[in-house]
Amino acid sequence: MTELGGQPIIGSIEDDELLNQALEGVDKTLLLLPNSEQQLSLEKRFVDAAVRAGVKHMVKMSSMEALPEATRTIPRMHVESENHIKDSGLSWTMIKPNFFMQNLLGAGKTIKEQSKFFFPFENGTTAMMDVRDIGLFIAKVLSDEGHNNQNYEITGPELLSFHEVAEKFSIVLGKEINYVSVPMDAYKTTLSQFVTNQWHLDAVIDLFEDIAGGGLDYTTNTFSDLTGKPPFSLQQFIEEHLFVYRDSD
56 MTELGGQPII
66 GSIEDDELLN
76 QALEGVDKTL
86 LLLPNSEQQL
96 SLEKRFVDAA
106 VRAGVKHMVK
116 MSSMEALPEA
126 TRTIPRMHVE
136 SENHIKDSGL
146 SWTMIKPNFF
156 MQNLLGAGKT
166 IKEQSKFFFP
176 FENGTTAMMD
186 VRDIGLFIAK
196 VLSDEGHNNQ
206 NYEITGPELL
216 SFHEVAEKFS
226 IVLGKEINYV
236 SVPMDAYKTT
246 LSQFVTNQWH
256 LDAVIDLFED
266 IAGGGLDYTT
276 NTFSDLTGKP
286 PFSLQQFIEE
296 HLFVYRDSD
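Each residue of the sequence shown is one higher than the last, beginning at 56 in this note's numbering.
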């Protein structure tokens, strides 16, 4: 960042003095916070500070599930944060990506050792995205003029079930890989060994239930229309991460 002329400011959004310093002289901002129980209050705090500082435009990382009628925990927070931005008088751009391909990296161990991976998605489909594409899209929106008051839903190029995801792994790895759909309750019990925050655990399962129920079963051309390049395919992603899914010889 410093090589590009940027000045990192490290601190908490709850620190008013630091936040005011960070926003001084800024015309356009990106709001991207990790999911947490405090996310909505922190995002509102950032928006209010941006208004006071004279910021003109805010780009927010949201999600495809953030529909006006959303009731699930994380999508509902995004909706309320989006509404706060819109009500603030700032011009805005909402970027709403799909399921991340990088979520499959955690399956590397079982793919290598058992030729299987486990998720609770049943026959749900999703057009997952590589986060590198999301970063490129955000950079494009931030660096270009325009994009005022736009919702951008961005997806990967293929709508796939997780059985079809297993087929992609099989093709690239040269051996049969199987997807095992486990009951949501059983998956939650396993996940609780790694995700110890109850709020976060419940919120993740909430999102997974949405995928299992077909809540992300469509694609858009928005990414390629705006960037001029196709998004990474799942097969490309697997090929570039063979070190995760294949034992080194």
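If you're looking for bench data, these hints aren't it; they were derived computationally from the structure.
No experiment lies behind these values; they were computed from the predicted model shown.
Think of the CB as a built atom: it goes at the ideal place given N, C-alpha and C, for glycine as much as any other residue.
Incorrect hints may appear among the rest.
Straight-line C-alpha distance at most 20 Å; calculated DMTMM-like pairs for lysine to aspartate or glutamate [claimed, not checked]:
(1) K167 - E208
(2) K141 - E168
(3) K243 - D257
(4) K284 - E208
(5) K243 - E124
Here are the computed distance ranges between Cβ atoms for each label pair [what the hints assert, rightly or not]:
(6) E69 - L160: 23 to 33 Å
(7) R187 - I64: 38 to 48 Å
(8) D103 - I65: 32 to 42 Å
Item to check | Violating hint indices (sorted, rising) | outcome: 1, 2, 5, 7, 8
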